[in-house]
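Our numbering puts the first residue of the sequence shown at 1, with every later residue one more than the last.
Bear in mind the hints are in silico, worked out from the structure with no lab data behind them.
By construction, the Cβ of each residue, glycine as well, lies at the ideal position given by its N, Cα and C atoms.
Mixed in with the good hints there might be a few duds.
Stated by the list, open to error - The list that follows gives simulated cross-link-like pairs (lysine-lysine, DSS-like), each with its CA atoms no further than 27 Å apart:
#: 1; residue 1: K115; residue 2: K195
#: 2; residue 1: K106; residue 2: K19
#: 3; residue 1: K144; residue 2: K195
#: 4; residue 1: K144; residue 2: K115
Claimed, not checked - Here are the simulated distance ranges between beta carbons:
#: 5; residue 1: I323; residue 2: T23; range: 21 to 27 Å
#: 6; residue 1: D199; residue 2: A312; range: 35 to 41 Å
#: 7; residue 1: A241; residue 2: V24; range: 16 to 22 Å
#: 8; residue 1: V322; residue 2: F20; range: 23 to 29 Å
#: 9; residue 1: V248; residue 2: L293; range: 18 to 24 Å
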Amino acid sequence: RMELVDLATVLFNPDAQAKFVHTVSAGYLTGAMFVLSISSWYLLRGRDVAFARRSFRIAAAFGLASALSVIVLGDESGYTVGEAQQTKLAAMEAMWETEPAPAGLKLVAGIDEAKMRNSWELEIPWLLGLIGTRSLDRPLPGLKDILATNRARIVSGIVAVEALAALRQAPDDTAARARFEAHRADLGFGLLLRKQVADVSQATPAQIDRAARDSLPRVTPLFWSFRLMVGLGFLMLALFATAAWSSVRGRIGERRWLLHWALWSLPLPWIACEVGWIVAELGRQPWTIYGILPTHLSVSSLSVGTLYGSLAGFAGFYAVLVIIEMALMLRFARMGPASLGTGRYHGETAHA
Numbered sequence: 001r002m003e004l005v006d007l008a009t010v011l012f013n014p015d016a017q018a019k020f021v022h023t024v025s026a027g028y029l030t031g032a033m034f035v036l037s038i039s040s041w042y043l044l045r046g047r048d049v050a051f052a053r054r055s056f057r058i059a060a061a062f063g064l065a066s067a068l069s070v071i072v073l074g075d076e077s078g079y080t081v082g083e084a085q086q087t088k089l090a091a092m093e094a095m096w097e098t099e100p101a102p103a104g105l106k107l108v109a110g111i112d113e114a115k116m117r118n119s120w121e122l123e124i125p126w127l128l129g130l131i132g133t134r135s136l137d138r139p140l141p142g143l144k145d146i147l148a149t150n151r152a153r154i155v156s157g158i159v160a161v162e163a164l165a166a167l168r169q170a171p172d173d174t175a176a177r178a179r180f181e182a183h184r185a186d187l188g189f190g191l192l193l194r195k196q197v198a199d200v201s202q203a204t205p206a207q208i209d210r211a212a213r214d215s216l217p218r219v220t221p222l223f224w225s226f227r228l229m230v231g232l233g234f235l236m237l238a239l240f241a242t243a244a245w246s247s248v249r250g251r252i253g254e255r256r257w258l259l260h261w262a263l264w265s266l267p268l269p270w271i272a273c274e275v276g277w278i279v280a281e282l283g284r285q286p287w288t289i290y291g292i293l294p295t296h297l298s299v300s301s302l303s304v305g306t307l308y309g310s311l312a313g314f315a316g317f318y319a320v321l322v323i324i325e326m327a328l329m330l331r332f333a334r335m336g337p338a339s340l341g342t343g344r345y346h347g348e349t350a351h352a
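Using the sequences plus the hints, can you model the full thing?
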């Protein structure tokens with residue numbers, strides 16, 4: 001069976017490190033946006049102006065640093081994906097053909113997944129190659145070449161699955177062990193066939209072709225989710241840079257368009273985080289453990305009723321938390337610093 005044997009390797013591999021700091025920085029960015037937006041709301045209403053200016057200044061500086069960190073670590077994450085998950089990178093970029101190095105990065109494209117091509121595309125030359133390989137001469141494989149490679153690995157994986165079954169029956173079978181060791185790197189690809197046929201040794205060429213096609217993630221939602229995440233990231237960077245510049249110039253609150261921009265940008269980091277998770281989770285499909293354990297084999301054996309009950313329980317619990325959190329945030333945002341009870345701020349008796 002598949003077991004974790006080295007937790008330290010999991011925690012300290014380059015991909016985990018980049019993604020951890022990227023995620024933490026996104027949390028900092030979300031907090032900074034919340035403070036900046038509420039401060040802008042106070043300034044637009046002309047209440048607690050001195051307090052709002054101080055919090056605006058702090059949020060602008062912290063948010064600028066966080067936005068830069070998110071983007072830099074996102075770039076590093078792109079490099080680690082190019083090293084370890086080339087299928088995901090190719091799908092994120094709707095790159096069907098292997099392009100001469102360095103590959104260009106597509107800004108937008110008309111994607112036709114059925115025909116595995118783009119009807120049109122607008123790209124920045126060289127950029128994807130620089131992000132994904134940090135070089136000018138290393139090519140990145142396209143999805144068609146990856147598909148052909150995965151099909152060959154599925155055929156090899158069939159041998160590994162059969163040899164593993166033989167070893168379970170006879171652990172001392174040296175011939176079966178030799179076959180398994182020769183093909184063990186492709187075991188996960190052989191297991192992909194279990195979605196098509198229970199006995200992989202009986203798989204037909206058509207079933208192997210379907211399994212190979214299923215080894216690629218959905219391109220269209222992955223492509224556009226990634227671009228929405230990146231676009232929102234740079235939009236928030238522009239907002240925090242403008243807010244920081246306004247703070248440095250001592251002109252906080254003078255540009256009402258900036259305050260409105262900050263106020264209406266409140267949901268942007270949440271949206272960016274959600275589409276970022278779509279990229280992370282959809283991009284690794286069909287794997288739970290990339291290249292080793294298919295998702296369809298790692299699900300639990302619970303009944304449908306138990307699963308629905310569990311999901312309903314979680315949904316209900318988190319819905320209650322969302323309602324409570326939203327109520328508290330709205331309440332204290334309206335109260336502002338008056339919630340401290342110092343008698344110095346808007347709405348307090350002593351202030352009046």
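Any hints from earlier that this structure breaks? Give me their numbers in increasing order, please.
9
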